[in-house]
Amino acid sequence: MTDLTRLTLTEARDGLKAKTFSATELTKAHIAAVEKARALNAYVLETPEHALKQAAASDEKLAKGEGRPLEGLPLGIKDLFATEGVRTTACSKILGNFVPAYESTVTSQLWRDGAVMLGKLNNDEFAMGSSNETSAFGNVVNPWRRKGSNVGAGQGGAVEGNHLVPGGSSGGSASAVAADLCLAATATDTGGSIRQPAAFTGTVGIKPTYGRCSRWGTVAFASSLDQAGPIAKTVRDAAVMLRSMAGHDPKDTTSVDMAVPDYEAAVGRSVKGMKIGIPREYRLDGLNPEIDALWQQGIAWLKAAGAEIVEISLPHTKYALPAYYIVAPAEASSNLARYDGVRYGLREQGKDIVEMYEKTRAAGFGAEVKRRVMIGTYVLSAGYYDAYYLRAQKVRTLIKRDFETVYAQGIDAVLTPATPSAAFGIGEKGSADPVEMYLNDIFTVTVNMAGLPGIAVPAGLDSQGLPLGLQLIGRPFDEETLFSLGQVIEQAAGRFPVTEKWWG
Amino acid sequence: MSVDLATVKRVAHLARIAVPEADLPKLQGELNAILGFVEQLDEVNVEGVEPMTSVTPMAIKQREDVVTDGEIADKIVANAPASEDDYFMVPKVIE
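Chains as they are written, first to last, in the numbering used here: chain A, 1 to 504; chain B, 1001 to 1095.
Calculated directly from the structure, the hints in this document are not laboratory data. Using N, Cα and C, we set each Cβ at its ideal position, and we do this for glycine too. Please note that a few of the clues may not be correct.
Claimed, not checked - For the chain A half of the interface with chain B, some residues (derived, Cβ under 8 Å), not all of them: (1) Phe98; (2) Pro322; (3) Tyr344; (4) Arg347; (5) Asp352; (6) Arg361; (7) Phe365; (8) Lys370; (9) Arg391; (10) Ala392; (11) Val395; (12) Pro476.
Whenever a hint applies, use it, and build me the whole structure from the sequences.
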């Protein structure tokens, strides 16, 4: 039999329906691939027994011709989603051995639709990071390697050489999808955490419009920015995943009560006559010429498909990242106040309750989380609120207005690069100045600030042989247009699977 | 704006994170790098601009004021580092 892990999600779905293989066979193939790929550190918890039980149930459904939209398809779940009875840590020491008594809405909808859970995926601690280097479970390895790199399978199940990061915060999700360790994965995006790792690994990632997916049961980072979405092998796969993940949830007051379209139907739809905006503010000084060439190539592909290209201006673009680094830490400091050693997770003893809190949080949070909680505490503290938080929220209004203006002029979507560079090496960024790491999200963060949908689609390789992605930004709740446009890019660029499974 | 060592110490205490004296200068440098970065926002004219409070314009949802959940004390304390008879146990708070 061919390697079942090489299939896309929709190919596997069709194979199950045609009874070419069973859900149990498909799941076993993935379990074996996960076991062989431990050196990549993509999974922080494997749940093979759970997966096989779900697969057996799926096989029964399929035999009766009662297959649901994701019946028998093995997925990986970012460790930010609460999974009932299965350890959920947000990859932080402070959550310790937390086992939720409830299931997040997004994952419950995947199981409702018949999906199989292979395990929990690594991420930056509390989703704070752009390289998966802040996880309490250690770094994730990008299955991609630079041409002529010294990275290889080392002794004792480790990777040797200076490997590349998979991006973050959904680094485990991106790495697992790229390495065929699941057919697709859930992820979350607060400033670029779906799109940047997708771009770094040659996978497709979409952050839907804020309110599309319920946030209930997802560990909170910055509540006005957080959105769940999938990372998948193809645009079509991402469309199928999002349809199951999205939908109204009365338990999340910011969840929007709107029908979820059949996103897959939008894949392959004509983009003729669509107006695509090219924002001049994204042409940064010193923009990597390879990224610029990729962008021009994307423009040419969309033009060839009949879209009209329009130069636009989004004048407040450069203020999105600094405003984000006020809003996100402020909300994080508030959300993370709950980790106090009382109700769950780690507790360190202290002579009184305040010392217990302080020692618990000192021992439980990693360096990046501490920095952001402290920045957030500072900008919200008495006397500074207006100067920082209020000003940042006003700037956010201006950023949103920039997009509203171009959409009102008839623009259907905006095309930009997804990241300023290809994947970088472990330890290469941010060790001296945290802002250096933050700059990775320069093209993605505006989308979160404005609450818009954005998709990253792989579009080419750089001179080192590493994947690069393009980003399409849509109108609110118009993910369908992004799937149609994304498909045009995928068709023109081809797919970028990792060819050599060097780790196993 | 930049923060001095005393402010870093005060903020750490407000955030309820114990920071050893020796780590304060490094943290001060990192916080100041971030605060220096966000200072760019001072250039923006925000005169008369409403702060963004809601990402998507929508009415706040309402529901009947009735109990919809509960009677699961055992589940709620299941992950507690210390609990007794469905209570969370903490160090003595009141002398």
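Please write out, lowest number first, the hints stated earlier that are contradicted by the structure. Checked against the structure, no hint fails, so every one of them is satisfied.
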